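All chains, please: the whole structure from these sequences, using the hints.
Note that the numbering used here gives residue 269 to position 215 of the sequence shown, counting from 1, and the numbers run on in steps of one.
Treat the hints with care, as some may be off.
Unchecked claim - Distance ranges between label pairs, derived from CB positions: (1) Ala342 / Lys252: 51 to 59 Å; (2) Glu81 / Thr337: 36 to 44 Å; (3) Ala378 / Thr318: 18 to 26 Å; (4) Lys252 / Asn133: 41 to 49 Å; (5) Lys112 / Pro73: 26 to 34 Å; (6) Thr71 / Gly226: 49 to 57 Å; (7) Ala222 / Asp247: 19 to 27 Å; (8) Arg137 / Lys112: 14 to 22 Å; (9) Ser344 / Ala250: 54 to 62 Å; (10) Ile100 / Asn412: 44 to 52 Å; (11) Gly115 / Ser391: 32 to 40 Å; (12) Glu238 / Ser344: 47 to 55 Å; (13) His244 / Asn149: 17 to 25 Å; (14) Pro265 / Arg74: 56 to 64 Å.
Worth flagging that the hints you see were computed from the coordinates, not collected in a lab. It should be emphasised that the depicted structure is a prediction, and the values quoted were computed from it without experimental measurement. Ideal Cβ placement from N, Cα and C applies to all residues, glycine included.
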Amino acid sequence: MGIIRRALASQPVARLTSPRTPDEYLEVINPMLTIEAVRARVIEVIAETGSASPVRLKPNGAWSGFTPGQHVEFGVEVNGTRRVRVFSVSSSAENTDGSFTVSVKAHPDGFVSQHLHSGLLQPGTVVYLSPAQGDFVLPSTVPDEITLISGGSGITPVMSMLRTLTDAGHTGTVNFIHYARSREDEMFSHELDALAGKPGVNMTRVYTRVPAAEATIAGRFTLDHLTALGIDPVTAPTWVCGPAGLIATVRDTYTERGAANQLTAEYFKVPSVNLDAEDATGTVTFDASSISADNSGATILEQAEAAGLKPAFGCRMGVCNTCAVKKLHGAVRHVISGEICANTDETIKVCVQVPVGNVSVEL
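Below, the structure written as structure tokens:
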């Protein structure tokens with residue numbers, strides 16, 4: 055932090071601007087001058103595939119960097135409303151120009167991703183960021199052989215890992231396995247072509263709907279895929295990121311092989327909720343709004359929206375804390391882990407919690 059930034063972050067300045075923070079005044083002058091609030095200016099938005107748009111960002115001095123595999127909360131002002139979503143950093147941590155990228159795949163119901171993909175996010179725009187977050191990261195000392203498995207948009211954090219390892223001159227073996235519907239739907243295709251020729255990189259791409267003619271393995275992930283590629287789950291630490299189905303299959307495979315401790319996983323799409331589950335009973339009460347509704351079995355966030363409420367949310371995957379609210383009483387089930395919690399006055403992420411019987415939340 056420079057001398058000016060240290061001075062602005064000092065206690066005397068904080069007392070002078072109280073009850074407001076120095077950042078609130080600095081944002082009026084220039085939002086990139088903030089001391090604690092992370093901001094970034096859009097350098098460029100690149101149309102990479104038909105549905106993916108990498109966004110290169112230059113953060114301000116409040117940014118403290120990232121570890122490959124981490125994500126950021128990304129906020130953009132649209133028609134006077136700040137929309138916040140969570141995106142993984144996809145660039146190499148070895149970049150020396152101070153910029154980094156998030157790669158965003160457009161989703162039909164994704165307001166921010168559609169905003170980016172449609173060309174409405176212009177270079178020069180200042181966006182709101184959180185510090186980099188998440189523990190889906192490689193250890194400080196990378197093993198001699200690792201396996202990175204991804205599916206769909208889940209490639210973004212492991213792409214950051216692969217880019218960083220190759221840029222840093224990693225001398226070990228990286229088994230990189232990616233599943234996409236087709237090459238046309240695949241993110242980073244041209245760069246993956248180039249990385250396939252790097253020393254130590256064993257590149258495997260599986261197109262589940264339009265298999266490549268030269269493919270050695272096909273279809274969705276199975277243990278046979280690892281066997282065909284000469285990968286032993288017991289000896290090769292593995293990181294997997296993707297949709298719930300891929301995560302579940304990989305997790306089951308590693309557990310059956312006695313290698314569960316070798317696996318680190320991150321969901322890019324939460325499992326679908328069984329609306330006919332036996333615990334889809336009772337009433338959900340949104341206490342702050344004096345609204346009650348029959349428990350439909352959907353997540354509390356979805357049920358709140360169905361009741362006409364507009365709770366804040368970001369990732370809808372249980373990654374960020376944007377949707378966190380207090381549960382006043384009742385039991386909830388986590389849609390990813392299956393864990394049921396019934397503590398009173400506990401904070402929950404309503405995007406990944408399903409009511410079990412009667413539940414009251416502070417919404």
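Tested hints:
| no. | hint | verdict |
| --- | --- | --- |
| 1 | Ala342 / Lys252: 51 to 59 Å | holds, 54 Å |
| 2 | Glu81 / Thr337: 36 to 44 Å | holds, 43 Å |
| 3 | Ala378 / Thr318: 18 to 26 Å | holds, 24 Å |
| 4 | Lys252 / Asn133: 41 to 49 Å | holds, 44 Å |
| 5 | Lys112 / Pro73: 26 to 34 Å | holds, 31 Å |
| 6 | Thr71 / Gly226: 49 to 57 Å | holds, 50 Å |
| 7 | Ala222 / Asp247: 19 to 27 Å | holds, 21 Å |
| 8 | Arg137 / Lys112: 14 to 22 Å | holds, 21 Å |
| 9 | Ser344 / Ala250: 54 to 62 Å | holds, 59 Å |
| 10 | Ile100 / Asn412: 44 to 52 Å | holds, 49 Å |
| 11 | Gly115 / Ser391: 32 to 40 Å | holds, 38 Å |
| 12 | Glu238 / Ser344: 47 to 55 Å | holds, 50 Å |
| 13 | His244 / Asn149: 17 to 25 Å | holds, 19 Å |
| 14 | Pro265 / Arg74: 56 to 64 Å | holds, 59 Å |
Hint check: no violations occur; every hint is consistent with the structure.
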